[in-house]
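Sequence lines, in order, name chains A and B.
Residue numbers for the first sequence follow the working numbering, beginning at 242 and rising by one.
Residue numbers for the second sequence follow the working numbering, beginning at 6 and rising by one.
FYI, nobody ran anything at the bench for these hints, they're computed from the structure.
Since the structure is predicted, the reported quantities are computational estimates derived from the model, not experimental observations.
Positions of the beta carbon are idealized from the N, C-alpha and C atoms, including for glycine.
Among the hints, erroneous ones may be present.
Restraint ranges, calculated between C-beta atoms of paired labels, are given here [stated by the list, open to error]: (1) L32(B) x Q279(A): 27 to 33 Å; (2) S264(B) x Y277(A): 31 to 37 Å; (3) G270(A) x R332(B): 25 to 31 Å; (4) E345(A) x F329(B): 54 to 60 Å; (5) Q516(A) x N111(B): 27 to 33 Å; (6) T200(B) x E411(A): 57 to 63 Å; (7) E436(A) x N257(B): 37 to 43 Å; (8) R350(B) x G270(A): 46 to 52 Å; (9) N257(B) x E411(A): 51 to 57 Å; (10) Q516(A) x N88(B): 33 to 39 Å; (11) T200(B) x Q516(A): 36 to 42 Å; (12) D492(A) x L237(B): 41 to 47 Å; (13) K406(A) x G89(B): 52 to 58 Å.
Straight-line C-alpha distance at most 27 Å; calculated DSS-like pairs for lysine-lysine [unchecked claim]: (14) K303(B) x K545(A); (15) K540(A) x K254(B); (16) K303(B) x K540(A); (17) K311(A) x K303(B); (18) K228(B) x K540(A); (19) K545(A) x K254(B); (20) K469(B) x K511(B); (21) K311(A) x K228(B); (22) K311(A) x K254(B); (23) K254(B) x K396(A).
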Amino acid sequence: MKERKDMSRKVKTNIIGIGSILLFLIVMGIYAFGEYRQENERNREYHFVLIPKTLDNLNGFWTSLIEGAKLGASEYNINLSVYGTYSEDDIKGQIEKLENAILEEPDGIIIAPTSTEEITPSLKKAKEKGIEIVLVDSTITEDIGVSLVSTDNYKAGVNIGQYAKRLLDEDSQIGMVGHIKGVSTAVEREAGMREGLGEFEEKIREVVFCDSTYEKAYSLTIEMMERYPEIDLIMGLNEYSAVGAARAIRDLGLAGQVNMVGFDSSIEEIQFLEQNIFDAIIIQKPVNMGYLAVEQGIKALQGKNVESYVDSGSVLINRGNMYLDENQRLLYPVSGQE
Amino acid sequence: MKRESLKKSIFRKFRSTQSTMMVSFSLLMVLAMLIFLFIALSHTKNVAFENSVEATSSITKQVNDNIDSYIESMENIAAVVANGSEVSAYLFSNEEAAEEEQLNKNRIVSQFETIKNSRDDISNIAAVGNNGKYIVNDGQDTLSDYVNIKNQRWYQTTLSSRSGQVISSSHVQNVIPSSYKWVITLSKALINNQTGKREGVFFVDLNYESISDLCNRNRIGSKGYVFILDELGNVVYHPKQQLMYGGLKTENIDQIMRSDASYIINESGDDSIIYTKSISAKTGWSVVGATYASDLLKNNTQTQLIYFLAMFLLLAGVLILSSFISREITKPIRELKDSMILVERGQFEQANVEVIANNELGSLTKSFNIMTERIQNLMEENVHEQKEKRKNELKALQAQINPHFLYNTLDSIIWMSEAKKNEEVVLMTSALARLFRQAISNDKEEVSIREEIEYVKNYLTIQKMRYKDKMDFEIQIDPRIEGIPIIKFAVQPLVENSIYHGLKVKDTKGNLQIIGGIEGGNAYIEIEDNGVGMEKETLEHIFDDQKKDYKRNGVGVNNVQRRLKLYYGEAYGISYESKVGIGTKARICVPIEREKRYE
Numbered sequence: 242m243k244e245r246k247d248m249s250r251k252v253k254t255n256i257i258g259i260g261s262i263l264l265f266l267i268v269m270g271i272y273a274f275g276e277y278r279q280e281n282e283r284n285r286e287y288h289f290v291l292i293p294k295t296l297d298n299l300n301g302f303w304t305s306l307i308e309g310a311k312l313g314a315s316e317y318n319i320n321l322s323v324y325g326t327y328s329e330d331d332i333k334g335q336i337e338k339l340e341n342a343i344l345e346e347p348d349g350i351i352i353a354p355t356s357t358e359e360i361t362p363s364l365k366k367a368k369e370k371g372i373e374i375v376l377v378d379s380t381i382t383e384d385i386g387v388s389l390v391s392t393d394n395y396k397a398g399v400n401i402g403q404y405a406k407r408l409l410d411e412d413s414q415i416g417m418v419g420h421i422k423g424v425s426t427a428v429e430r431e432a433g434m435r436e437g438l439g440e441f442e443e444k445i446r447e448v449v450f451c452d453s454t455y456e457k458a459y460s461l462t463i464e465m466m467e468r469y470p471e472i473d474l475i476m477g478l479n480e481y482s483a484v485g486a487a488r489a490i491r492d493l494g495l496a497g498q499v500n501m502v503g504f505d506s507s508i509e510e511i512q513f514l515e516q517n518i519f520d521a522i523i524i525q526k527p528v529n530m531g532y533l534a535v536e537q538g539i540k541a542l543q544g545k546n547v548e549s550y551v552d553s554g555s556v557l558i559n560r561g562n563m564y565l566d567e568n569q570r571l572l573y574p575v576s577g578q579e
Numbered sequence: 006m007k008r009e010s011l012k013k014s015i016f017r018k019f020r021s022t023q024s025t026m027m028v029s030f031s032l033l034m035v036l037a038m039l040i041f042l043f044i045a046l047s048h049t050k051n052v053a054f055e056n057s058v059e060a061t062s063s064i065t066k067q068v069n070d071n072i073d074s075y076i077e078s079m080e081n082i083a084a085v086v087a088n089g090s091e092v093s094a095y096l097f098s099n100e101e102a103a104e105e106e107q108l109n110k111n112r113i114v115s116q117f118e119t120i121k122n123s124r125d126d127i128s129n130i131a132a133v134g135n136n137g138k139y140i141v142n143d144g145q146d147t148l149s150d151y152v153n154i155k156n157q158r159w160y161q162t163t164l165s166s167r168s169g170q171v172i173s174s175s176h177v178q179n180v181i182p183s184s185y186k187w188v189i190t191l192s193k194a195l196i197n198n199q200t201g202k203r204e205g206v207f208f209v210d211l212n213y214e215s216i217s218d219l220c221n222r223n224r225i226g227s228k229g230y231v232f233i234l235d236e237l238g239n240v241v242y243h244p245k246q247q248l249m250y251g252g253l254k255t256e257n258i259d260q261i262m263r264s265d266a267s268y269i270i271n272e273s274g275d276d277s278i279i280y281t282k283s284i285s286a287k288t289g290w291s292v293v294g295a296t297y298a299s300d301l302l303k304n305n306t307q308t309q310l311i312y313f314l315a316m317f318l319l320l321a322g323v324l325i326l327s328s329f330i331s332r333e334i335t336k337p338i339r340e341l342k343d344s345m346i347l348v349e350r351g352q353f354e355q356a357n358v359e360v361i362a363n364n365e366l367g368s369l370t371k372s373f374n375i376m377t378e379r380i381q382n383l384m385e386e387n388v389h390e391q392k393e394k395r396k397n398e399l400k401a402l403q404a405q406i407n408p409h410f411l412y413n414t415l416d417s418i419i420w421m422s423e424a425k426k427n428e429e430v431v432l433m434t435s436a437l438a439r440l441f442r443q444a445i446s447n448d449k450e451e452v453s454i455r456e457e458i459e460y461v462k463n464y465l466t467i468q469k470m471r472y473k474d475k476m477d478f479e480i481q482i483d484p485r486i487e488g489i490p491i492i493k494f495a496v497q498p499l500v501e502n503s504i505y506h507g508l509k510v511k512d513t514k515g516n517l518q519i520i521g522g523i524e525g526g527n528a529y530i531e532i533e534d535n536g537v538g539m540e541k542e543t544l545e546h547i548f549d550d551q552k553k554d555y556k557r558n559g560v561g562v563n564n565v566q567r568r569l570k571l572y573y574g575e576a577y578g579i580s581y582e583s584k585v586g587i588g589t590k591a592r593i594c595v596p597i598e599r600e601k602r603y604e
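Excised from the complex, chain A in its bound form:
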């Protein structure tokens, strides 16, 4: 009996000894495995889809935005696909691209909605599938996106509106060329400009919408000038409307008589600025916008703090400051050049 008891006790201590060492090894193994998993998690490649308003590669704004998003993607190890149509007013086309993107089940979708409402159901569907949605440049009426990254359009509008006041006197008349009626950017910019203009707001004679085509902006401007020949300030609400209107003013031979301010930049728009057809332009920071949108998306996926609205900033450029280095860099993006 005694011997057996001794034996069992011996076995017990052996088990305790081996057990404690095994336990130690197991703990170390788990630690190593955990490190490995964490490392894998860190190296995990996310998949994002970017749907800009247009893929038109003549449009400096959108090519820069895409470029910024790509830089962000490379920074955060993201596989970025870019889908889109070639026209900003192709709402149906964008919805179709969005639906296709949802089928790919990406981790995140960054979209610049062409419509404040029509695209909402599809975005809801994406959100239900657990896809993080970041809105860029423009917003929609419902609060679906985890974050909105855009220029503070209202603020930019106020800025250019206030600048424009120096070009005006009590006899002035103002014409506005917008891009797409009802789109958030157009609404906000117009509201900002009206605020910035202050008492000159009542001088606005007409607001026309060109559906983001140069041709329509051109013809609408010519028609508007026929209707209101007294107009001496034209405000363009985006690149298409500003450039289209500028072409019209140049072709009408009214350069110097009609002042112009506008949004966005392109080589042509910059040339108009150099040629004194534009007095000032507000440029956004599309590269920043694209980059920040990706950053917000990855933050949301990693459970970090996400801001519901990020202002990517805007700068007012006139002939006086356009040759400054920092403005040159914004006016002529390094990337996105042919």
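Go by the hints and put chain B onto chain A.
Using the frame of chain A, we list chain B on its own:
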């Protein structure tokens, strides 16, 4: 004292030497391996770090060399044009005829065209005079109306620099309106051959891509990159230039420009960046390689994993081996322990331990074996001595003659003499005389059965005469056993018992029968009476140590029994059968052969 008890308590937890050894070996191994692992890991990390720095620095040197040779080829082109007489002649001579001037211009333009067509990395090529004359590209392009080329820094430094040759940082070329491209301008001062002074600039705009391609060709790790700074710390090229311009990304340019070390570690945010730079003597540019520490760490994690795995397997092996080895080492100890338990129980025969090793344990085992043997011998001697002592005691007892018996017999003789029964007197007296002679004369412990029976016969003769009406007896001994020795006075006490407890108390005359024979290889003598018999209870206590009854022979049944067993072993001795009213049978069993006797 206290320290000793403390020391003990560490190992007290383990009940066996084997587990103590095993656990302590394993713990030591784990400790040793952890230390080794730590050293190995930190060394590997350092080596990986140094290798990476070395690789990055060779990449940056490579990029720098590529850029230098690229710039050199451009310089050669520039030199050919700038040093040619046509350019100087076209820009600075006013006397020439318009026709000749046009001709000269055409020659220069075609030269420009040839250069531009052969190199698609040149975006602009132009010669500009301070006097306002210029040729740009195909001769059709104009300089911008809004930007004065003479105010451009690169234009001014070209004229003022000692070498007359400048490579600009990357910038937007806005003196030529149609392009607005990011370029690097290589400019060379033009000397007016007539005055010998620098009065113009020839420049070639190199596509920004030509430089970025040189940098992008090299990848450092999965996230690392190469960028270029000019001598003032301005960014010439950076893969994420646009983010830097947008304020979204910064590099620690100040530190990079100031440092002379071969590498700089910049710990910003959650990842640190290692910069390695290489400065070109030709351009003055610094090519900087940026490596992410996390990239290094990725390989490091793999190494760690492999090390951990190897350690895990090694430890598992060590555990198994140490368990095996400690078992082997402690095997003799365990055998000794088992053997000691046997010795504790007095089983000396199996206690001998096989000597396996020649070490301390071997000699310990040997000593143990010798010791147990000696103990065994001592114990046997002791037993023997004790036995002898008992025998002597018993012998002393048996030698005594019961005085009551003598008295009674003598009384009977007197009584018979008075009754003039001469024959009976003679018979009894002679029987008594023989009895006494036998009892006294023989000094030996053993007598033959014949002699013992003779003694009993004499005793019975006397007793029969005393209890004439009470008993009769009969003796039948197998002649084969007559010579067999038996201890002295073995049978007589049994006979005496039969008479006193069986026959004497019986009302009628009893009969006593003594039969000797061989059964099962042993000799036996049976003493059977038809007396009153015994109760079962009495029978059970028959061998108990009774009080000596001096009225009868002093030697009791239990005494006889003990002597028999002492002499012949436990297998031999007296056995009783008895039934109340029928009689009692006592049976003595002794071995035939002397060799079988217990010593």
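- request: Determine which of the earlier numbered hints do not hold for this structure and return their numbers in increasing order.
  value: none
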